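Trainee: Line order of the protein sequences matches chains A and P. First residue of the first sequence? That's 1 in our numbering, and the numbers climb one at a time after it. First residue of the second sequence? That's 1 in our numbering, and the numbers climb one at a time after it.
Bear in mind the hints are in silico, worked out from the structure with no lab data behind them. Quantities reported herein were computed from a predicted structural model and do not represent experimental measurements. Glycine included, each C-beta is placed from N, C-alpha and C at the ideal position. Check each hint, because a few of them may be wrong.
With a straight-line Cα cutoff of 30 angstroms, these simulated BS3-like cross-link-like pairs (lysine-lysine) come out [said to hold, decoys possible]: (1) A:K4 with P:K120; (2) P:K94 with A:K38; (3) A:K38 with P:K70; (4) P:K64 with A:K154; (5) P:K5 with P:K24; (6) A:K173 with A:K162; (7) P:K63 with A:K59; (8) A:K59 with P:K29.
Label-pair restraints from in silico Cβ distances [stated by the list, open to error]: (9) A:P84 with P:K70: 42 to 52 angstroms; (10) P:K117 with A:K151: 52 to 62 angstroms; (11) A:G24 with P:K120: 32 to 42 angstroms; (12) A:P42 with P:K34: 35 to 45 angstroms; (13) P:K34 with A:M87: 41 to 51 angstroms; (14) P:F77 with A:S6: 27 to 37 angstroms; (15) A:N108 with P:L99: 38 to 48 angstroms; (16) P:Q42 with A:I20: 15 to 25 angstroms; (17) A:K23 with P:F107: 20 to 30 angstroms; (18) A:K45 with P:G43: 34 to 44 angstroms.
Incomplete in silico selection of chain A near chain P, CB under 8 angstroms [as the list claims (entries may be wrong)]: (19) A46; (20) K47; (21) S51; (22) L106; (23) T130; (24) S132; (25) G136; (26) Y138; (27) G139.
One letter stands for each residue in the lines below.
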Amino acid sequence: MKNKFSIFVIVVFLSFCFVIFYKGLNTQNNYTPKINEKKNIPTFKAKDFDSDNYINSDKIFKENTFYIVNIWASWCVPCRAEHPLLMQLSKIQSAKLIGLNYRDNLDNAKKFINEFGNPYSQIIIDNNGTLSVEFGAYGVPETFLINKNKKIIKKYIGPINKEIVEEIKFIIK
Amino acid sequence: MKLLKIFIILFLSLGLSHLKSDEKNDELKSKILKNIRCLICQGQSVYDSESDFAASVKLIVDKKINDGSKEHEIYDFLREKYGDWIIYDPQLNKNTYILWLLPLLLFLAGGAIIQKKIKK
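All chains should be modelled from the sequences, with the hints used to inform the complete structure.
Mentor: Here is the structure:
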């Protein structure tokens, strides 16, 4: 009887280990952030790219419309790749595109905009990257879709592609 | 002369207390930064990392400490932005209860076995 009990305990323990390791095999090793959680946009004060004046976030997001916040920098190569798609997104009437210039040299950033075109209705400067942390960003490029209730409803890490543009268009139409 | 002495002592003690509080803040800062995972690095804490992400988080933590935020408030802030993964010390929730309770259960089971053997 005692022997049977010991075997039972060992079998249960080994099955438990098997389940844990089997589950471990099927989960990803790399960290994948949750990107579909609805979060409020942060409140902040940031420097305007064109005027050098400080603006409050409630003035930036004051209209009752969708906003697309794109984090970019002139030194970021994938930002150049996604730029034509941002130019496409800027033509959408029902959303405003806000640029967040991340850890950049202002002169280089201005050259970038002059060379490739300005898709943004407003650009704010994030010199030290702290504003991007307030948004929950990891780096550049990153794009956030904000709904009319001023909640972040989508987060796209890395450069956007045609599928993402279509998805954004579908959500905001 | 006596007044001058008192003034010097007061000045020195104030300066020292300021240094002490700076030291305390630095200790707290490194403690927090060592407990925050650099999300874009492989197996590095924000404290060890030189990445842009880590540099920005360091600035945020520094600012929050200077503003008087408590340690748990800083963790809560980062958790809200990036999820539980950013903190090395996991909290007890539905995803981590096995991690927390299993060692306790094993300890109790082991204790029970030892006690049974001793009684025999």
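Trainee: For a C-alpha distance cap of 30 angstroms, please report whether P:K64 and A:K154 respect it.
Mentor: 27 angstroms, holds
Trainee: Between A:K4 and P:K120, does the CA-CA distance stay at or below 30 angstroms?
Mentor: 20 angstroms, holds
Trainee: Do the alpha carbons of P:K63 and A:K59 lie within 30 angstroms of each other, as the hint requires?
Mentor: 24 angstroms, holds
Trainee: When you check the alpha-carbon spacing of A:K173 and A:K162, does it fall within 30 angstroms?
Mentor: Holds - the C-alpha atoms of A:K162 and A:K173 are around 16 angstroms apart, at most 30 angstroms.
Trainee: Tell me if A:G139 is really an interface residue toward chain P, meaning its C-beta lies closer than 8 angstroms to one of theirs.
Mentor: At about 6 angstroms, which falls below the 8 angstroms cut-off, the nearest Cβ of chain P leaves the hint on A:G139 intact, so it holds.
Trainee: Can you verify the interface hint for A:L106: is its Cβ closer than 8 angstroms to any Cβ in chain P?
Mentor: 17 angstroms, violated
Trainee: Could one say that the CB atoms of P:K34 and A:M87 fall in the range 41 to 51 angstroms?
Mentor: 43 angstroms, holds
Trainee: Closer than 8 angstroms between Cβ atoms is the bar; does A:T130 clear it against chain P? Give me holds or violated.
Mentor: 5 angstroms, holds
Trainee: Decide if the proposed pair is consistent with the structure: A:K38 and P:K70, CA atoms, cutoff 30 angstroms inclusive.
Mentor: 26 angstroms, holds
Trainee: Hint says 27 to 37 angstroms; check whether the CB-CB distance for P:F77 and A:S6 agrees.
Mentor: 50 angstroms, violated
Trainee: Does the CB of A:S132 sit less than 8 angstroms away from some CB of chain P?
Mentor: 6 angstroms, holds
Trainee: Just tell me: holds or violated, for the beta carbon distance of A:G24 and P:K120 against 32 to 42 angstroms?
Mentor: For P:K120 against A:G24, whose Cβ atoms are near 38 angstroms apart, the range 32 to 42 angstroms holds.
In terms of the numbered hints stated before, the structure departs from hints 8, 12, 14, 19, 20, 21 and 22, listed from lowest to highest.
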